[in-house]
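Undergrad: This is what each chain is made of:
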Amino acid sequence: DGGITQSPKYLFRKEGQNVTLSCEQNLNHDAMYWYRQDPGQGLRLIYYSQIVNDFQKGDIAEGYSVSREKKESFPLTVTSAQKNPTAFYLCVGQGGTGNTIYFGEGSWLTVV
Amino acid sequence: QKEVEQDPGPLSVPEGAIVSLNCTYSNSAFQYFMWYRQYSRKGPELLMYTYSSGNKEDGRFTAQVDKSSKYISLFIRDSQPSDSATYLCAMSDGNNRLAFGKGNQVVVIP
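Those protein sequence lines, which keep their order, are chains A and B.
Take 1 as the starting number for the first sequence in the working numbering and just add one per residue.
Take 1001 as the starting number for the second sequence in the working numbering and just add one per residue.
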């Protein structure tokens, strides 16, 4: 199957811990994004990358970090500095005909 | 003014009715327009993609774009309970600038 694969689907984190969410794609997309989705707030951009070894902050980057060492992979680390990390995180790839946007299945992060 | 406006609903319709969803946008650079369906606790799945003004049909779904008015619509004919979901509009300028509506919750009542 092709597409955007996120893991894990559900993750529980203790306060003070860093966690990393995985995002892998086999669509050969150059551009990849991380969004956070909260009820009533829509999608908010955390980080994006248009090319390997380069990435840019989005609107709510504080408390998050990313890397893009390979075209296929764009992991997101939620650090202990993120004050309200409990949310649904979506990885997005963009490319192909008309720069179509594809979403992963999402990762639910809960801080306990 | 937000880049994309989408009425969050919820929108309740009886089974078999036509569902009509809309988004307006302010950035005339947007060229590509998409609609997604999102079930609870799942990632959005692509329903329709279009890049020109006019209508595009795919089964029970019709996507409509009016670039002069900066207005896009999604119509669902013969709605089914399985269509109950949140519908998200999205657009791109072709240069990696993306914008999304907040999503519109639809409930189809059997």
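Rather than coming from a laboratory, the hints here were simulated on the basis of the structure.
If you're wondering where the values come from, they're calculated on a predicted model, not measured in any experiment.
There could be a bad hint or two in this list.
If you want the ones that stay clear, here's a sample from chain A, every Cβ over 10 Å from chain B, calculated [claimed, not checked]:
(1) 60
(2) 65
(3) 94
(4) 111
Pairs of lysine-lysine residues, derived as BS3-like cross-links and limited to a Cα-Cα distance of at most 30 Å, are as follows [said to hold, decoys possible]:
(5) 70/A / 1042/B
(6) 1067/B / 9/A
(7) 1056/B / 57/A
(8) 71/A / 9/A
(9) 1002/B / 83/A
Facing chain A, according to a computed beta carbon distance under 7 Å, are these residues of chain B, among others [to be verified]:
(10) 1029
(11) 1032
(12) 1044
(13) 1049
(14) 1094
Glycine included, each C-beta is placed from N, C-alpha and C at the ideal position.
Undergrad: Run every hint past the structure and note whether it holds.
TA: Cross-check of the supplied hints:
no.: 1; hint: 60; verdict: 14 Å, holds
no.: 2; hint: 65; verdict: 20 Å, holds
no.: 3; hint: 94; verdict: 6 Å, violated
no.: 4; hint: 111; verdict: 18 Å, holds
no.: 5; hint: 70/A / 1042/B; verdict: 26 Å, holds
no.: 6; hint: 1067/B / 9/A; verdict: 38 Å, violated
no.: 7; hint: 1056/B / 57/A; verdict: 35 Å, violated
no.: 8; hint: 71/A / 9/A; verdict: 22 Å, holds
no.: 9; hint: 1002/B / 83/A; verdict: 26 Å, holds
no.: 10; hint: 1029; verdict: 13 Å, violated
no.: 11; hint: 1032; verdict: 5 Å, holds
no.: 12; hint: 1044; verdict: 5 Å, holds
no.: 13; hint: 1049; verdict: 6 Å, holds
no.: 14; hint: 1094; verdict: 5 Å, holds
Hint violations for this structure: numbers 3, 6, 7, 10, all remaining hints satisfied.
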